[in-house]
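Undergrad: Sequence:
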Amino acid sequence: MSHENNKIHDCADAVCIIGSGPGGLCMARALKRQGLDYEQFERHGEVGGVWDINNPGTPMYQSAHFISSRDQSGFIDYPMPAHFPDYPSNRQIFEYVRSFAVAFDLYDRIRFNTAVKDVEKEQDGRWLVTLASGERRRYRAVVCATGCNWDPNMPEVKGQFEGTVRHSVTYKNPDEFKGKRVMVIGADNSGADIACDAAKHADKAFISMRRGYHLIPKHLFGMPVDEFGEKGPQLPMWLARPVFQTILRVINGDTRRFGLPRPDHKLFESHPLLNTQLLHYLQARRYSGKAGRVPLRGSARGVQRRHA
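To convert, note that position 275 of the sequence shown is 275 in UniProt numbering; the numbers rise steadily by one, no gaps.
Derived from the structure by calculation, the hints contain no laboratory data.
The beta-carbon is built from N, C-alpha and C at its ideal position, and this holds for glycine as well.
Among the hints, erroneous ones may be present.
[What the hints assert, rightly or not] Quick list of the computed label-pair ranges, beta carbon to beta carbon:
| # | residue 1 | residue 2 | range |
| --- | --- | --- | --- |
| 1 | 218 | 111 | 35 to 45 Å |
| 2 | 83 | 249 | 30 to 40 Å |
| 3 | 253 | 126 | 51 to 61 Å |
[Unchecked claim] With a straight-line Cα cutoff of 20 Å, these simulated SDA-like cross-link-like pairs (lysine to any residue) come out:
| # | residue 1 | residue 2 |
| --- | --- | --- |
| 4 | 32 | 140 |
| 5 | 117 | 137 |
| 6 | 117 | 57 |
| 7 | 200 | 168 |
| 8 | 218 | 72 |
| 9 | 7 | 140 |
Using the sequences provided together with the hints, build the complete structure.
TA: Now the structure itself:
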C-alpha cells in the first residue's frame with residue numbers, strides 16, 4: 001500500500017452515503033436540505049441502482065415493472081409524471097430516478113465508479129471507510145444504501161438434469177426462451193413475471209411453487225389495488241381479511257384447479273403475489289403449475305431459479 005493510501009482523509013463532519021439508487025438519492029436530498037455535509041460513492045457510472053438495466057449485476061429484466069402504483073410510489077415532493085401508466089416499466093422508473101437526481105442537483109456530489117471495500121466503526125463512534133482503491137476516509141456517520149438484491153443465492157438442485165440451470169439474475173430478454181421447455185422454480189413477483197414471459201415465448205412453460213400465494217390483481221374496482229387500499233374503506237383487520245378473501249375468491253376462483261398449492265398463511269400475513277397475467281396464462285394453458293418441490297431429471301426442459 002502506498003503512503004497516500006495509508007493516509008486517512010478526515011471528513012469527520014460529513015456523512016458518507018454508499019450507493020446512488022433511490023434510497024441513496026433520498027438520503028442525499030435530505031442531508032442537502034438540512035445543510036449537512038456529505039459524500040456519496042457509487043461503484044457504477046450512473047445513478048439508479050438495480051433500475052439501471054445496464055448496471056453490471058442488476059437483476060433487472062426487460063419486462064420488469066413496478067408492483068406498486070405510480071401515485072403511491074413517488075418521491076416526496078417529486079411525484080411521478082402523470083403520463084406514466086399505473087404501473088411504470090423499469091425504463092420509466094430509471095428515467096424518473098435520474099430526473100430526481102437532476103432536479104435536486106445531486107449528481108455533482110456523487111463519486112461514480114468508486115466502490116467501497118470496507119466500513120469500520122472506531123472507538124470514538126466515527127466511521128472509517130476504505131475504498132476499493134485503498135483510500136481511507138473518516139466520517140461522522142455512514143448510510144449504507146446498497147440494496148439487497150445484488151448477490152444471487154443459488155441453492156443446490158437435486159436430481160439429474162442435462163439442461164441449463166440458471167439463476168434469475170442472469171435473465172434479461174424473453175427471446176432467450178424461444179424453442180425451449182422452461183420451468184421457473186419459485187413464484188415471488190419476479191418469478192411470476194418471468195413465468196409469464198416463458199408462457200409467451202417458450203415452447204412449453206411450467207411454474208413450480210413450494211408454497212401457495214394469495215394472488216392479488218393489479219386493479220380493483222377500477223383503480224390500482226394499493227390506491228384502493230389507501231382510499232377505499234378503512235376496515236379493521238378482523239373484517240378486512242374475510243372481505244378481501246371473498247373478493248379474491250370471486251375474481252380468481254380456486255387456483256388449485258391449475259395445479260397451484262393452497263396458501264399456507266392468511267391474507268396479509270405475508271407479501272402477496274401481485275400479478276394479473278399469471279392466472280390468464282394458466283387459464284389459457286400456456287403453462288402448467290406444479291405444487292411442491294420438483295426433482296429435475298433428463299434434458300427436456302431448461303430451468304430458471306429465482307432468488308431464495
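Undergrad: Tell me the hint numbers this structure goes against, listed in increasing order.
TA: none
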